[in-house]
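Visitor: Residues per chain are reported as follows:
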Amino acid sequence: MKQGTLFKYLLRLGDTALINTQRLSEWTGHGPFLEEDLALTNIALDNLGRANALLNYAGTVEGKGRTEDDLAFHRDERDFYNILLVELPNGDYANTLTKQFLLSAYEEILYRKLSTSADPVLAGIAKKSVKELTYHVRHTSSWLKRFGNGTDESRAKAQTSLNELWRYTGELFEQNDVDAELIQKNIATELHTIKSEWEKVVLEAITECGLEVPSNAFMQRGSREGKHTEHLGFMLAEMQFLPRAYPDAKW
Amino acid sequence: MEKAERDKLIAALSAIPDPEIPVITISDLGVLRDVKFTKEGVEVIITPTYSGCPAMKQIADDIASLLKQAGIAQYKVNMVYDPPWTTDWLSDAAKEKLRVYGIAPPEHSSVDKRTLIGKDKIIACPRCGSEKTKMISQFGSTACKALFQCSDCHEPFDHFKCL
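Chains as they are written, first to last, in the numbering used here: chain A, 1 to 251; chain B, 252 to 414.
It should be emphasised that the hints constitute simulated quantities derived from the structure, not laboratory data. Idealized CB from N, CA, C, for every residue including glycine. It is possible that part of the hints are untrue.
If you want the ones that stay clear, here's a sample from chain B, every Cβ over 10 Å from chain A, calculated [as the list claims (entries may be wrong)]:
| # | residue |
| --- | --- |
| 1 | 291 |
| 2 | 322 |
| 3 | 333 |
| 4 | 374 |
| 5 | 383 |
| 6 | 387 |
| 7 | 398 |
| 8 | 404 |
| 9 | 414 |
Here are some chain B residues pointing at chain A (derived, C-beta under 10 Å) [said to hold, decoys possible]:
| # | residue |
| --- | --- |
| 10 | 337 |
| 11 | 341 |
| 12 | 342 |
| 13 | 344 |
| 14 | 412 |
Pairwise CB distance ranges, derived in the manner of DEER restraints [as the list claims (entries may be wrong)]:
| # | chain 1 | residue 1 | chain 2 | residue 2 | range |
| --- | --- | --- | --- | --- | --- |
| 15 | A | 120 | B | 323 | 24 to 30 Å |
| 16 | B | 329 | A | 177 | 30 to 36 Å |
| 17 | B | 265 | A | 160 | 50 to 56 Å |
| 18 | A | 221 | B | 334 | 36 to 42 Å |
Start from the sequences, fold in the hints, and give me the full structure.
Guide: Dropping the structure here:
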């Protein structure tokens with residue numbers, strides 16, 4: 001295997017979980033009511049656990065002695081491969097939940113496929129994640145239903161969120177030479193196959209909620225090459241400050 | 252190490268209480284997967300209930316301090332994800348301990364599939380036994396629990412989610 005292919009793939013998955021955790025954590029103490037606050041914190045915690053496992057494994061695969069913390073706190077923006085969707089600001093509650101729905105529907109399918117990966121460590125992490133993601137899909141889709149079938153205001157907010165977020169979903173299915181090599185080795189999975197499954201779940205849910213599927217064709221891309229929106233840098237500045245300013249700090 | 256000594260050590264490790272729900276042990280819970288005795292020393296294998304479970308660090312620390320106290324210098328605590336943890340590993344005795352503690356125990360995982368397709372399931376109140384209960388939130392005080400309320404005695408209670 002070409003040096004670093006699996007490493008890059010694990011960073012893509014691990015960074016997505018990590019950055020999603022950081023964004024979701026911003027809701028802690030600010031949820032619309034206590035139970036929702038707990039729900040988002042729990043979803044963030046699941047993501048953090050997955051990020052921890054994936055980045056730990058990435059460090060092992062790389063073989064340079066970097067730990068999951070080194071990878072999380074001592075890389076710069078251009079070395080992050082998380083999908084753009086997770087770095088976007090939270091917006092209002094409809095925006096956060098719509099985003100989490102689009103994402104967890106994707107991840108539930110992705111990790112289900114990865115649970116039969118030829119790489120046993122990745123398959124183990126995937127099997128664990130699928131169980132948790134099933135709950136995420138259930139929770140977020142139930143909110144989409146409430147927004148769509150709720151008041152005019154809630155429906156308008158969900159629709160605006162969908163329209164804004166849609167252009168970041170094309171990237172979820174983009175493959176490059178990392179995928180090509182790993183698919184050949186049965187480690188990664190074909191994202192085109194996932195796309196039709198994802199569309200089925202998402203389009204059905206959107207229609208069921210009385211919302212409209214966005215028609216914009218333009219899709220934003222860049223994260224596969226480490227190119228990000230302006231939001232990621234600010235997030236990292238906050239997330240990485242402490243371990244960089246106080247490198248010897250221990251919990 | 253002699254067999255009697257090994258058995259004693261395994262029994263002591265099995266008796267470590269869960270940091271979050273101290274009425275059950277890490278062995279009851281299925282978090283303790285295996286204890287191996289090798290030339291390099293003792294290897295203890297644990298698995299998380301949820302991948303982000305913050306109690307894992309505490310459990311690993313508790314295991315390490317027990318082994319140190321038992322005079323074992325060479326040991327490793329390894330965390331594995333596969334096979335993924337399931338509530339089916341909880342024994343009936345452990346489920347009863349949970350109920351007495353005020354946490355409605357999980358059903359068999361096959362039962363919970365109903366909720367995944369949107370059907371409600373019946374969870375009996377651990378305090379009064381009433382089956383007239385409702386789910387307040389799919390996510391409770393910890394990742395492994397959901398929040399319920401009893402419609403008869405009106406007490407809120409945690410339900411250990413099936414996984």
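Visitor: Confirm or reject each hint.
Guide: Going through the hints against the structure:
At roughly 19 Å from the closest C-beta of chain A, the C-beta of residue 291 of chain B stays outside 10 Å, upholding its exclusion from the interface. Listed as a non-interface residue, residue 322 of chain B keeps its Cβ farther than 10 Å from every Cβ of chain A; the least gap is roughly 27 Å. Distance to chain A contradicts residue 333 of chain B as a non-interface residue, since its nearest Cβ pair spans about 3 Å, not more than 10 Å. Every CB of chain A lies more than 10 Å from the CB of residue 374 of chain B, the least distance being 16 Å, so the non-interface label holds.
Consistency note on residue 383 of chain B: stated as away from chain A, and its beta-carbon is indeed over 10 Å from all of that chain's, at 20 Å minimum. Non-interface call for residue 387 of chain B relative to chain A: violated, since the shortest CB-CB distance, roughly 6 Å, does not exceed 10 Å. For residue 398 of chain B, the condition that its CB be more than 10 Å from all CB atoms of chain A is violated, with the nearest at approximately 6 Å. Every beta carbon of chain A lies more than 10 Å from that of residue 404 of chain B, the smallest distance being close to 20 Å; the non-interface claim holds.
Listed as a non-interface residue, residue 414 of chain B fails to keep its Cβ farther than 10 Å from every Cβ of chain A; the least gap is roughly 5 Å. Given the 10 Å rule on beta carbons, the hint for residue 337 of chain B holds: about 8 Å separates it from the nearest Cβ of chain A. Given hint, residue 341 of chain B at the interface with chain A, is violated; its Cβ is 15 Å from that chain's nearest Cβ, farther than 10 Å. Nearest Cβ of chain A to the Cβ of residue 342 of chain B: about 20 Å, over the 10 Å cut. The hint is violated.
Residue-level restraint check for residue 344 of chain B is violated (minimum Cβ-Cβ distance to chain A is 24 Å; threshold 10 Å). Contact between residue 412 of chain B and chain A, as hinted, is supported at the beta carbon level, the nearest pair being about 8 Å apart and thus within 10 Å. Checked against the given bound of 24 to 30 Å, the beta carbons of residue 120 of chain A and residue 323 of chain B, roughly 29 Å apart, stay inside it. In this structure the hint that residue 329 of chain B and residue 177 of chain A lie 30 to 36 Å apart at CB holds, the actual value being about 34 Å.
A hinted range of 50 to 56 Å holds for the C-beta pair residue 265 of chain B and residue 160 of chain A, which are about 54 Å apart. Between residue 221 of chain A and residue 334 of chain B the Cβ separation comes to about 37 Å, which falls inside the hinted range of 36 to 42 Å.
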